Amino acid sequence: MFGNLDIITLQQIWWLLASVVGSLFLFLTFVQGGQTLLWQVSADEEEKSLIINSLGRKWELTFTTLVLFGGALFAAFPKFYATSFGGAYWVWILILFTFIVQAVSYEYRTKPDNLLGSRVYELFLFINGSVGILLIGAAVGTFFTGSNFTLNEYNQVRWTHPLRGLEAAFSLFNLSLGLFLVFNARVLGAMYLVSSIDFSERPRFEAKVRRACLVNLICALPFLLYVLVSLLLMDGFGFDQAGVVSLVAGKYLANLLAMPVVLGLLLLGLVLVIWGVVSISLLNGRRGIWYGGLGTVLVGLAVFFTAGYNNTAFYPSKVDLQSSLTIYNASSSHYTLTAMTYVALVIPLVLLYIAWVWRLMDAKRISTQDIEGRKAY
Amino acid sequence: MFDLQMVDWARAQFALTAMYHWLFVPLTLGLSFLCAFFETIYVRTGREEWKNLTRFWMTLFGINFAIGVATGIILEFEFGTNWSNYSWMVGDIFGAPLAIEGIVAFFLEATFFAVMFFGWDRVSKNFHLFSTWMVAIGSNLSALWILVANGWMQYPIGMAFNPDTVRFEMENFWAVLFSPVALAKFTHTTSSSFIVGSFFVIAVSSWYLLKGRHIEMAKKSIIVASVFGLLSATYAAWTGDESAYSNASTQPMKLAAYEGLYDGEKNAGIVALGVVNPAKQPGDQQQPFLFEIKIPGLLSLLANRELGSFVPGINDLVYGNEQEGITSVAARMEKGREAISDLAAYKTAKRAGDATAAEISLARFNTNRDSLGYGYLESPEQTVPSVAITFYAFHIMVFFGTFFLLLFLLFLIFSVKDTLAGKRGLLMLGVGSFFLAMIASQSGWVVAEVGRQPWAIQGLLPVNVATTDIGTGSVQATFFMFLAVFTLLLAAEIKIMLKQIKIGPEGL
Numbered sequence: 002m003f004g005n006l007d008i009i010t011l012q013q014i015w016w017l018l019a020s021v022v023g024s025l026f027l028f029l030t031f032v033q034g035g036q037t038l039l040w041q042v043s044a045d046e047e048e049k050s051l052i053i054n055s056l057g058r059k060w061e062l063t064f065t066t067l068v069l070f071g072g073a074l075f076a077a078f079p080k081f082y083a084t085s086f087g088g089a090y091w092v093w094i095l096i097l098f099t100f101i102v103q104a105v106s107y108e109y110r111t112k113p114d115n116l117l118g119s120r121v122y123e124l125f126l127f128i129n130g131s132v133g134i135l136l137i138g139a140a141v142g143t144f145f146t147g148s149n150f151t152l153n154e155y156n157q158v159r160w161t162h163p164l165r166g167l168e169a170a171f172s173l174f175n176l177s178l179g180l181f182l183v184f185n186a187r188v189l190g191a192m193y194l195v196s197s198i199d200f201s202e203r204p205r206f207e208a209k210v211r212r213a214c215l216v217n218l219i220c221a222l223p224f225l226l227y228v229l230v231s232l233l234l235m236d237g238f239g240f241d242q243a244g245v246v247s248l249v250a251g252k253y254l255a256n257l258l259a260m261p262v263v264l265g266l267l268l269l270g271l272v273l274v275i276w277g278v279v280s281i282s283l284l285n286g287r288r289g290i291w292y293g294g295l296g297t298v299l300v301g302l303a304v305f306f307t308a309g310y311n312n313t314a315f316y317p318s319k320v321d322l323q324s325s326l327t328i329y330n331a332s333s334s335h336y337t338l339t340a341m342t343y344v345a346l347v348i349p350l351v352l353l354y355i356a357w358v359w360r361l362m363d364a365k366r367i368s369t370q371d372i373e374g375r376k377a378y
Numbered sequence: 063m064f065d066l067q068m069v070d071w072a073r074a075q076f077a078l079t080a081m082y083h084w085l086f087v088p089l090t091l092g093l094s095f096l097c098a099f100f101e102t103i104y105v106r107t108g109r110e111e112w113k114n115l116t117r118f119w120m121t122l123f124g125i126n127f128a129i130g131v132a133t134g135i136i137l138e139f140e141f142g143t144n145w146s147n148y149s150w151m152v153g154d155i156f157g158a159p160l161a162i163e164g165i166v167a168f169f170l171e172a173t174f175f176a177v178m179f180f181g182w183d184r185v186s187k188n189f190h191l192f193s194t195w196m197v198a199i200g201s202n203l204s205a206l207w208i209l210v211a212n213g214w215m216q217y218p219i220g221m222a223f224n225p226d227t228v229r230f231e232m233e234n235f236w237a238v239l240f241s242p243v244a245l246a247k248f249t250h251t252t253s254s255s256f257i258v259g260s261f262f263v264i265a266v267s268s269w270y271l272l273k274g275r276h277i278e279m280a281k282k283s284i285i286v287a288s289v290f291g292l293l294s295a296t297y298a299a300w301t302g303d304e305s306a307y308s309n310a311s312t313q314p315m316k317l318a319a320y321e322g323l324y325d326g327e328k329n330a331g332i333v334a335l336g337v338v339n340p341a342k343q344p345g346d347q348q349q350p351f352l353f354e355i356k357i358p359g360l361l362s363l364l365a366n367r368e369l370g371s372f373v374p375g376i377n378d379l380v381y382g383n384e385q386e387g388i389t390s391v392a393a394r395m396e397k398g399r400e401a402i403s404d405l406a407a408y409k410t411a412k413r414a415g416d417a418t419a420a421e422i423s424l425a426r427f428n429t430n431r432d433s434l435g436y437g438y439l440e441s442p443e444q445t446v447p448s449v450a451i452t453f454y455a456f457h458i459m460v461f462f463g464t465f466f467l468l469l470f471l472l473f474l475i476f477s478v479k480d481t482l483a484g485k486r487g488l489l490m491l492g493v494g495s496f497f498l499a500m501i502a503s504q505s506g507w508v509v510a511e512v513g514r515q516p517w518a519i520q521g522l523l524p525v526n527v528a529t530t531d532i533g534t535g536s537v538q539a540t541f542f543m544f545l546a547v548f549t550l551l552l553a554a555e556i557k558i559m560l561k562q563i564k565i566g567p568e569g570l
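Chains A and B, in that order, are what the protein sequence lines are.
Its first residue numbered 2, the first sequence is counted upward by one per residue in my numbering.
Its first residue numbered 63, the second sequence is counted upward by one per residue in my numbering.
Hints were generated in silico from the structure; no laboratory data involved.
Misleading hints may appear alongside valid ones.
[As the list claims (entries may be wrong)] Pairwise CB distance ranges (calculated):
no., chain 1, residue 1, chain 2, residue 2, range
1, B, E384, A, L322, 53 to 61 angstroms
2, B, D70, A, E373, 31 to 39 angstroms
3, A, Q13, B, A222, 24 to 32 angstroms
4, A, P113, B, M81, 36 to 44 angstroms
5, A, M2, B, G387, 27 to 35 angstroms
6, B, Q349, A, T151, 37 to 45 angstroms
[To be verified] Stretch-level coverage of chain B by chain A, calculated; a stretch enters the list once three of its residues show a Cβ under 8 angstroms from a Cβ in chain A:
no., region
7, 127–141
8, 178–188
9, 247–257
10, 292–298
Predicted, not measured: the structure shown is a model, and the values here were computed from it.
Don't be surprised by glycine CBs; every beta carbon is placed ideally from N, CA and C.
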């Protein structure tokens, strides 16, 4: 079935799949966003505990999605995996560190004899939600601003900047994208907490969370605007039929105009996020996370599609344009992409059982009952 | 001490992170099934004490699981950060099992883990049990895919080298998945992990029996764990034999190293107990052992399933053995160097647009392509892994593995007779058993990984060309960062675990 597809179609399918996984990850960063709200919106240990236990039922999904994003890129676009992880060494190492310390924090935070004390584990969660997401945003920003590497004819990477990837964080565009993602994660975090915690005896707590949702959207807007305006005005990395990469004026604007669906995804996504915030902060709704989540996924898809489709180099090199990675020169072989496409058929099943379990587990909101005893985080 | 090359630091870092990760994974693999057994008994009998017992072991499982996840994420990305050339050259094959692991296994674990821990009052009894089983199956499925990937590194099949992209490309997914090495690895690794999980339960329960606490719960736990452990240990012995048998055909150097066999022979014997001569070098006349107890003929039987058959030694494999049809490493290095220069000539001709020259170079390259990796070696002796490390690690693993069979049997017999509480010596041994199992389990990986040096991909890609082009300082720095963070988290994990064991189960 899939074996008959030509390699170009398979490469496009896999960029789509990687984009879906990446965008779902951005939605699931509500966990990270929620972690950074911990100290801000809680008035006492019990409220803190409600937040942790609410996020604690979901953190592994986010973590696993990140791992899958890495795995999918390795399988489908190994040249990107080899170039970026080996080249932009330090930015990835630091991101991974924030996830390493996150992984133990839920489980260990309130356990007796936990060596470091609960404040340290909370700090780990905060670092993961702030530094971790900021750096991920900066790394995604390099899809548009480019990186400093060359590839030789054996496809071996040489990174030409001594900061090995950390230089990404010194670009205003990358930094703005990172900060936008941090604030967007906080918006989503607040939305998720509203949907999952039983606030019936804690109106002040609820008001704080709902307010945080709006405040963080307002904080996110300037960075979003800067990113969007820059994206429309900046030169982009396009390639011609022979695969020769060049700097093209207004490339990303041209991509959006050439792919109106992508432009539609972007606009619809932004409207949905804003509607989600309105419903949470102004209309006292509870389901804002679904609007905000879907909106984030759509914006994420628009970002990844703009970076990779329409003859655009998704991982461009600033120092040697011809070393830039495109979905066509960075992918796995036809055979591997075909095999992986068959495997991808189980993804709907996976999504289905995740949704099913989510519904079952969230049918009842988390209340003080759930945070008592040894079973709680 | 720190005057090492980048590749050595990258290897040290992989060893460090993998061994840390492996402190937690076997326990996850084994304990997840034990929790599923305990809960199944609870659901079948409806007796509350089994529920409390299940929840107690699940608490310990959760503490261990968290740090397993924390130490695991780095391994997936470390292939890229420290082994970038490797990632490109074999990503077309190696990436797939990693992605499949994520899709089919990690989400099972992550999704149902939340139900297993927080779903007691939110979902039905049966659905909860189903979730616990899903966590156990998910954990073990993830082991399957990563071991398929590792198995392929040990025995690369189902692919071909593409000189245009300069990488190996997959040609047969099923050959990769059902490779005999991958299957032997999966069955041996999971069964030995079940041993570790079983001894964890036995160790904690033995401690309770020694202290006279939670006696009924401890006895119940021990019965289940010793049955599971005994079956697993038996199966591990069989799969271990399978592993050694597949080593003989796929990685004869590894086999020769862990058996300390320098000169190949017919009717080769096994050194059951020995002290390796540290001064011994390949090709010299010194004795390989300072002291040895040898069982004649057994190695031929183990390696080839045929008494009196020839088993090649280190010297045969390095210097060649015409009679047995073994090519010397030096000859293959020569061919490898030709392959490297033909590949470069092919690239140059392609760049210049000279199709005829490209074709000639490619044809020349194709005659030697199988030896490409050998062209990057510096000396034939480089193909010999550390004999002392692999020999001792292998013998520790086998010795403990055999001893575990006996130990499980004793625990089972005295449990059935209900006289376990009085056997203080056995119980003390039980407390220590978990640590022995951990040593045996780590030793197994030492044999597997040290034994295939200097190859990242057996026979195709030596470690020194698999690395990232990055300064030693960066890899050194991250090595110490991981060492510090993982040690800190391990210390926290142990303290938390001990405290929870001290507190004990609720209501039992």
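Results of checking the hints against the structure:
| no. | hint | in the structure |
| --- | --- | --- |
| 1 | B:E384 - A:L322: 53 to 61 angstroms | holds (54 angstroms) |
| 2 | B:D70 - A:E373: 31 to 39 angstroms | violated (51 angstroms) |
| 3 | A:Q13 - B:A222: 24 to 32 angstroms | holds (25 angstroms) |
| 4 | A:P113 - B:M81: 36 to 44 angstroms | violated (28 angstroms) |
| 5 | A:M2 - B:G387: 27 to 35 angstroms | violated (44 angstroms) |
| 6 | B:Q349 - A:T151: 37 to 45 angstroms | violated (53 angstroms) |
| 7 | 127–141 | holds (count 11) |
| 8 | 178–188 | holds (count 6) |
| 9 | 247–257 | violated (count 0) |
| 10 | 292–298 | violated (count 0) |
Checked against the numbered hints above, the structure breaks hints 2, 4, 5, 6, 9, 10 and satisfies the rest.
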